[in-house]
Amino acid sequence: MARLSSWLRLAALIGAAAVLAAPSFEAAAGADKPKLEHGKGDKCVEDTDFMRRNHMELLKHHRDETMHQGIRTTKYSLKQCVACHASEKTGSVAATKEDFCAACHSYAGVKLDCWDCHATKPMAKKPGQAEAQAEVKASPLMPNPQNGGAKQ
Amino acid sequence: MNEPKRPESNLENGDRRSFLAASAAVAGSAVAPGVLLYGIAQAKPAEEAVTDKVRWGMLVDTTKCATGCTDCVTACNTENGLSGKTGPQDSQWIRKVDIKNLQTGAQHTLPMMCQHCEHPPCVDVCPTGASFKRADGIVLVDRHICIGCRYCMMACPYKARSFVHEPLTEQNPEVPRGKGCVESCTFCVQRVDRDQSPACVEACDKAGHKAMVFGDLNNPESDVAKAVKAYATTEVRGDLRLNTGVRYQGI
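Protein sequences, first through last, are from chains A and B.
First residue of the first sequence: 96, per our numbering; consecutive thereafter.
First residue of the second sequence: 918, per our numbering; consecutive thereafter.
Honestly, I wouldn't trust all of these hints.
Claimed, not checked - The following label-pair restraints were derived from C-beta to C-beta distances:
id : chain 1 : residue 1 : chain 2 : residue 2 : range
1  : B       : Thr1086   : A       : Lys135    : 16 to 26 Å
2  : A       : Asp144    : B       : Met1071   : 44 to 54 Å
3  : B       : Lys1127   : A       : Lys170    : 35 to 45 Å
4  : B       : Leu1019   : A       : Thr185    : 54 to 64 Å
5  : A       : Ala126    : B       : Met1070   : 44 to 54 Å
6  : A       : Arg148    : B       : Pro1044   : 30 to 40 Å
7  : A       : Lys135    : B       : Leu1157   : 50 to 60 Å
8  : A       : Lys192    : B       : Lys1002   : 26 to 36 Å
Just so you know, these hints were derived from the structure itself, not from any lab.
Built from N, CA and C at the ideal position, the CB exists for glycine as well.
Please put together the full structure from these sequences, using the hints given.
Okay, structure coming up:
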């Protein structure tokens, strides 16, 4: 009896090792992959494989930095993801099941609630506001030379 | 849980340099001769965290604020994607309030919004830490953490906060908003971080009233710091000793 159970245990160990060793991504290579619209982004900020596995961590890390510390780099920002990956057909990352975010997430059955609050479409350029980010006429940090800060 | 390994940072530095170079080029081309560009010289680099060296504040001069003018409210709604409706379930980040002293008959009109207190009651009562004060004094709601309990709305003496009751679409990409969270004036934090003043202040200046001055209270050279030094100004509900970032003159 003791001998049988030790054999069983060994078999289970070998089985578990085999499952762990098989790289899950290659195992799935035979299956249909989601078809998705890449938008205009032809090269992402990191390699595709890294992004597939880690985009959510990058976004979460960046979200906290932006929200609480006001760090507004664009490299890992959701706004920048949307700007590049919005589909050329729908102008959105999640309007149809072919759009960039929705394609994989519906394929994998992972619900995401980013779009309950965040815009799925990139910023519409307002007329005359193309370079808005750099075109700052007066800064609240600096005194206004016209009235020298005086008030009547 | 494992932190994802970030491919390291030479690339990032390269990016930063090219970004700075690009923005400098844009600035150079965008500015007409003779227009001084304070913003670029002073702007906080995007990768730098805000610090408590700055405290953003505002002074509202009620003697210049025009009765019937709602330009600040409209500008706020446009900038932040609010509907502009004023029903009990609609978000209002800034309101025009008319006040009258019954004894003397003195009447004033003024904009009322989140006062960005140094000791904000909304932050004290928040059970999840969603309501917080940024190092530079701006009081915000982190919607990722907000559970929509609305304690902060009850705690706020200024009725500054609103709750989003219905699903929203077509948000401004810079101002994410959604159902189930509390929200309020952010001093247009997305604009402040790129060194512009809040939309209401810009609209007030544009309308020619110049009743709102925004700036760094900690910088003695700023317009707002000079003004609060030179004139008698009031905190609304000063008895609560919250040390508000928004102050009023002429009431």
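Which earlier hints can't be squared with this structure?
-> none
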